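Enquirer: If you want the building blocks of each chain, they are given just below.
2 protein chains.
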Amino acid sequence: MRVIVCGGDGFCGWPTALHLSARGHDVAILDSLIRRQWDNELGTQSLLPIAALQERVEKWRELTGRTVRTYVGDLTDAAFLTGVLCQEQPTGVVHFAEQRSAPYSMIDRQHAVFTQVNNVVGTLNLLYGIKEIVPNCHLVKLGTMGEYGTPNIDIEEGYIEIRHKGRSDLLPYPKQPGSMYHLSKVHDSHNIHFCCRAWGLAATDLNQGVVYGVQTAETAMDPVLFNRLDTDEVFGTALNRFIAEAAIGQPLTVYGRGGQTRGFIQIVDTVRCIELALDHPAKAGEFRVFNQFTEQFSVGDLAARVVAVAATLGLSATIAHLPNPRVEREEHYYKATHTALIDLGLRPHLLDEALLGDLLRLAVRFAERILPGKLLPTVKWR
Amino acid sequence: MRVIVCGGDGFCGWPTALHLSARGHDVAILDSLIRRQWDNELGTQSLLPIAALQERVEKWRELTGRTVRTYVGDLTDAAFLTGVLCQEQPTGVVHFAEQRSAPYSMIDRQHAVFTQVNNVVGTLNLLYGIKEIVPNCHLVKLGTMGEYGTPNIDIEEGYIEIRHKGRSDLLPYPKQPGSMYHLSKVHDSHNIHFCCRAWGLAATDLNQGVVYGVQTAETAMDPVLFNRLDTDEVFGTALNRFIAEAAIGQPLTVYGRGGQTRGFIQIVDTVRCIELALDHPAKAGEFRVFNQFTEQFSVGDLAARVVAVAATLGLSATIAHLPNPRVEREEHYYKATHTALIDLGLRPHLLDEALLGDLLRLAVRFAERILPGKLLPTVKWR
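Protein chains in written order, with our numbering: chain A, 2 to 383; chain B, 2 to 383.
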């Protein structure tokens, strides 16, 4: 398969590009490298030092003999994108190339507008590009479980059968996203769905949970291939923040009561899910939605597990509850279906002590790269 | 009440501004005048000649002694908007200032991207402006019945109670919009809903049906106050196109089988609905949705009614079915609730022979302003 990984320099995109390349696909990376610039803007850095994209793909070629072509440019630049699609003639496009931090989108008006315009226009350009240049190409788009919010009924995979006043229909699942970023993904989903209906495009929307872990078999091959890991308040997840806090002896900062429950997935399963979606493409005209996570945890659960594993490594971690900077329910019903990818063959790697231990050891090893001033929340939802 | 009407130079905005002014509210118009520029771009013109905005408000002052202040600028210009909000300190903002043509949004990639960026960013700027400058101001936003699409169950007003696997929740009604424009309104609805939940803003989303008619008591007072009426394929509605075609002796062009059913509302009821929404504002934190239409018709029904009334005026009209340039169901279930505005006091003006006769006489009177080359569909959905 000829696959373009848009956003292939990022936390999910880079290991995905290598995984697909290792499995024998012909892979190109399209990335504007703006994620690296956001580190400059925010004064943050990845826990693991990461090499330049060009070094990364050169090392990959050296170690495996496999070539990953790179195109440095932005999806919001339609002329650039058109050129890449004409050149590559992909059979699949994996689209990670979005601003993916909820706090970043909530910094202020400008960051909200940037996030929505960047994500919506990039995806629209990709949809038009596929329609005009490679109409049979399968679009694999990363959505988020956060599109659904926390409804008081079970979350289904994209659609729900509604019976109402004696009639019924299978309709898009109602969306209640919780940030300007999550909203941008909801907008994308509606746009892609329309293009499948109107133009017959084939798309899979992967509503991914929170991704944890850092390395895959491929990124672990050499330090030049190392994946990024964000621990700061803006781009880091709660789990990554807890790991960093435990490593430098700070209390684990739980937002509010910690009952917020979400779906989670390990990075090694993320790359496998993308492969499964590509191997079993959506049909022409089909807008297929999978919920891409393997387990659900509350923030409080995660903090408790990190405390327990930290103790086995001689790290004495405590938990501090902070006023919640976000607007979200801290106690709520949460049950989400996630069987479609299992049915395609996913065998989940669950969160265990070994993985938490590995992450904590990494954080201790690179502790001097953790910036304590960047861990506490400064971005407020209200 | 101090009210800003954004888009107050347009087809719905202008009569709304005058109606609110006539009812004693202190009204300002914010408009970029870009709708006039789109006529230049497309080579089209309003059936009724319209005066410049500045002439319009000057004539209104002359006739009534009432001042309507004007601010010419764009909602996507946050600095401009901030200045207007600081100056006006509105208690209500009515937001019509969007690109509102489905065919315009479907011309090509650039028009799709323009429509979504223009509408989404304008609304985001307004939400941030209200939050920061006038947090108690009531936002009255124009949505569209087209956000819902044509589901196989009854359409409710914004929300639907869903019972699922033994639990239930009141959730946003699922959206299946049919063009890049309709999608932009769905994006707006999700964004506004979030800002009500997160920031406690008060908003009413008016999912308006297709508006017909042209004059109100106020716009009919003087030719300088005349409202615009679009008959071209891009900005005209099916009914307006039929009226123009009958007036110049061309067949009435029905897209496809003509079973497409939609909600309709007369312009005199539009202005009254806005007034009712302002008089009975949403509460802080409330995202209220009203379906703003009074009757539903199929396209085929409308064509038949125009043919019948045209005959009484000595116009011999025929119907021609064209291949449908849009992607839409031509036979479908359609039943939409619309009781909230009635409950607030709306007394609907229904479509009757008298109004159709008035429109046909206007079209005959201004027949030389109808451009026959602009009536047939050139914008294709596929």
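Hints were generated in silico from the structure; no laboratory data involved.
Just so you know, these numbers come straight off a predicted model, no measurement behind them.
A few of these clues could be false.
The list treats identical chains as interchangeable, and a pair is accepted whether it falls inside one copy or across any two copies.
[Said to hold, decoys possible] List of simulated lysine-lysine pairs, DSBU-like, C-alpha gap at most 30 Å:
hint	residue 1	residue 2
1	K336	K166
2	K166	K132
3	K336	K381
4	K284	K132
Enquirer: Any hints from earlier that this structure breaks? Give me their numbers in increasing order, please.
Expert: 2
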